[in-house]
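Chemist: Dock chain B against the given chain A, drawing on the hints supplied.
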Amino acid sequence: MIRQGWISLAAWIVFGLLIEGLIGFRSPALLDDSVRREMFRLAHAHGTLLNLVLIAAAICARLDLVRLGRATSLGLRAAVTLLPIGFLCAGIWHFKDDPGVAILLVPIGALLLLATAFQIGYSAFRQ
Amino acid sequence: MLQWFNVAKLFSPALTTLAATLFALTLVAAVIHVTAPDYAEVRAGRADAGYLESNNCRKCHEGNYATWHATFHRTMTQEVNPQSVLGDFDRDNTITYQGVRTDMVRENGSYWMKFTGVDGKKQQLEIGRTIGSRRIQQYLTKNGDQWVRLPIAYDLVQRRWMHLNGSFFYPDGTDYKRHVSEWNSNCVFCHNVKAQPHLDWTDKSWNTEVAELGIACGACHGPAGEHAQLALSPATRYRWHFHDPKAPSLAVTNPARLNSDRSAMVCGHCHGQRLPEPRDRIHQMMSDGDPYDAGKNLLEFYRPVQREDKIGSYSFASRFWQDGSPRLTAYEYQGMMRSKCFRAGTPGARITCISCHEMHGGDPRGQLTEKMKTNAACTQCHQQFTTPAQLVEHTKHSAESSGSLCYNCHMPSVVYGIMSAHRTHDITIPRPDETVRFDKPNACNQCHLDWSVNRAIAASQRLWPNAFVDSKVVGDNRFDEPEGQRALFAGDAVMRALTAAAMTPANDVNAPLLLEAMQDRYPIVRYFAANALAAQHPAMPKPDYLGTTEKRNTALREWYPLFMPERLRAAKEARERLSAGRVEADVEVGE
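Residue numbers (the working numbering), protein chains in the order written: chain A, 1 to 127; chain B, 1 to 591.
Treat the hints as calculated values from the structure; they're not laboratory data.
Hints may be right or wrong, so weigh each one.
To be verified - Here are some, though not all, of the chain A residues that point toward chain B, as calculated from beta-carbon distances under 7 Å: (1) Cys-89; (2) Trp-93; (3) Asp-97; (4) Gln-119.
Treat the numbers as computed from the prediction; the structure is a model and nothing was measured.
Every residue gets a Cβ at the ideal spot worked out from N, C-alpha and C, and that includes glycine.
If we strip away everything but chain B, and leave its shape as in the complex, we get:
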């Protein structure tokens, strides 16, 4: 040591200080260099090259990470653990459906479904992953290299176990295993980031991988490896900070900086059921993975499914109303593209998903801020309806009434998905005559359930004579019936379910109709009817929409004395009369 300082004395203090400072800086720089991550080479050579996991994005984007973390997107697909499993495995943990009893059991940190068949045969399957966390939670078990969706799910809203037959539009008696399906070729594509089924076509084996389970950063921002690599340098980051915020993003996709059509495609990738384009691309998709990355032109790889589409003899028609408007969720992209708001806009600078929805903030249930739940969503463009006087003049309803909320008339709840009625994204002018022409619920009668369609047509002609000049009252006397009653019994299963949902909570007029709807052959219709009844009389025993007819009727018998006998008789007569000759259309819900 002494020797070293003697050597140091040979140099001037300034030179020594400079040398020591430079040496220290070199040391610091070396440590930074050695410990620097290599994001540019993440997953190199794979279909998901450059896709980062969300915890990497968090290092810089803490706020965005937190808002995403609060969403149901994050928890769409999860490995099983005490935090991810939301079903009741401890107390109310049994369901019997079609004679098959299922016990949901937690044993030493593992989760099981134990099935006992009608013949007494037992089978137990370990749950490995969960799907969903908002309305229902579904469960996956691993069968070799394949993940399989189990037939029992947990209804998170009603807090009960259910069979998946109860969530689709099929009648009682549908095969118990009808909805046991393969995750690797289906759910994987939209419920995770950058799906790669890796199907080996020769031996039909799977080696399925995803960039990240659940819908994480990569789903909307694409591969960000290069962006993260560049952002390691503070000089680059500060250069970016002074970059034009409206300019295209920097080595990463930001839907807010894309033109509106490309931005909508990011959401439409999953919220717009699609077919590969060309069709035989499906082989590449199953082998290599989803070719789409956020920011690319979705239409280069896919075509959004439309009513007229078919695969062989299979038709998608039943997923749409007769006018081509989607009637299931996951078709929001198609709905929006049908809207005048979209069609009348300038391509690239028109309405898009994030015109209303906020992915990093707001209520995770719908990803809407409180402001966007109001008419403010529409008055962004339609400023002529901003003041109460302008609003009343336009809606002919008082400013505070539900009839003056833009959404209720222009985006009525005529779409079904995951045990709920949803607003359509086909933003239209409400036309009661569409019920006659397209057998589709109309916004007016969604509220005025006790009005007939003809009365609604007449009222709309009186209130908005210029808009409804070509609308005519029809001679068919079915449309002189209260529309709630007609649709609940004469409509197809989707119409009936949505009508029962519109009757929630029930009242003394429609409750007898809903009691009759509990005789429907479609469990999903009974689901909405039972919920509507229970919302009116929460203390009454709720009829089990999935239970046996006998069990259900026993529960219903307690309900009948609550209502006037003549109303009950009229409801029964209406059901028998209106449901006769009704044409059913079972709907494959491709979620």
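Looking at chain A on its own, in the form it has when it is part of the complex:
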């Protein structure tokens, strides 16, 4: 988990740099496309923050502050991957005024994230 967290965090930071570059150099591929801009912004925000959450969860588990079962661990890892990837892909290919179909990954990721958050919270109280 901790390895995935740091590597993914680095990847989403690189993506953030890419967004900054596209904005800085006034790239029409981003600036003239409001749906893509919104989706990329969400992908970057979710990618970085959720991987910080993943790292934090891994540290908490190592310190025995919470107990992460196999299912919870897998769910959390899937959620922090699906959410930003969903936003990213929905921004790369999208409909005129709506995100692309990859946006379907987002509610799946959100559900997993919600369930794992409850699960970890619950286990924290049981510790």
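Modeler: Same frame as chain A, now just chain B:
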């Protein structure tokens, strides 16, 4: 709290997690449901039921909203505010016409026109709304429940105040209040979305409403309440995304998905002056409102005005050339329907407005993309004229010349509207003999102003012998005169104004003629003549087309030394000779 978690310990972790997740989802769904807008019931029970304001459309159609926002359609009718008012209320803010002085004044955020009559009597009227934002801006004041168009407008092109008598085809001396008119029964229909005059026929009171001021989404897309309601669901939206894009729209009108004839009707509703059908529908229109919604069959409610139409003794004939082709703007629909491009096409799958015009992109001045300003508009169908060699063979002009731009010959500027010459939408083969037969400007002489009509006829017979086999040089020696000169003095006011416009910018040959045209009794002719002269000599004092004869002649005296005396004498002789016995036809411009 502790108690709650003790209770939670009674259940398995998986069950607790599932319950908590479902509870959270229910909460989210409840909030979404409670805050969901009700578009389906918008304006329910009214004539404009289901019509949404453009800011609602923006929520999903940001790009289309932005392109519409850049158009002059949006700003056709606006409430008065510092952004909407384009006239100069601060510096050059006075006009005197027919002895009536008008001061345009801004006071504490309000805008006023203050009139001082010839007798010194004063009247001040507060401006409440503006109409137009491209060529001229007109102003409305509220008189009780009635909105009234004021007689003074601002010319946005020439950056000056003007009297509306200067924009219509009436001679000097026309009643000062001739064009003070009622908005509620006139302008409201085409300059807004879904007009409802709400005239109470018993006490003649108005309670006029519109779905939205200006020409907004609803004007072309009709009522979209049901569409917006359905689109609230992402599942519906994604189903629509995979729907056949050519199939009929989904609970909303999209002119691009209508058959071509219905699509043209959407524009023709306003760009095709019309009469109610049957005529007594006018009562329902004034009471309830405009019965037409975009996408419906326009001809069920209206009939486009044609040259032979009359209301009582009032004839619409002067709004058309003698062959029935419109000579005013807002008749583009009739023009296009006369075209072979339309008549020869398959009904429902032929030329329509959006074959060339783009409502969500391109230059807002004409709603044309840069591509459609070129021959590409015509070569969409007429692909046999695509290469330079094919073009030259067809036009007999060099490929780069203005004579090889399709528009110039097939859609010449023989239409007047709002202080400008416009291209006709009656797309035709240029025929110089039409000037003889219909007293109508022809495309050849619009450029070759120094040629006579007979010379143009002879040249067309020589260059295109098969097309002009029945065209004959005429014996009437007026058509041996340079057509620019003949039309400028012998034509009726529309012909004269359009000829002066065609002479812009003036040159040393036609400038003396234009100086004579400044003696015309019709201010609109002088307007174009003054602009043509000023375009040639911008540093010279521009004669005021609305000023008194004395004032104008004083300005003109400075111009005469610029030109050869014999040319000036010839121009004067030509005016006196050609204008003698000229038949005038004043034109009611119903915009």
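Chemist: For each hint, tell me whether it holds in the structure or not.
Modeler: Hint by hint, here is what the structure shows:
no. : hint    : result
1   : Cys-89  : 15 Å, violated
2   : Trp-93  : 12 Å, violated
3   : Asp-97  : 5 Å, holds
4   : Gln-119 : 5 Å, holds
When the structure is compared with the earlier hints, violations turn up for hints 1, 2 and for no others.
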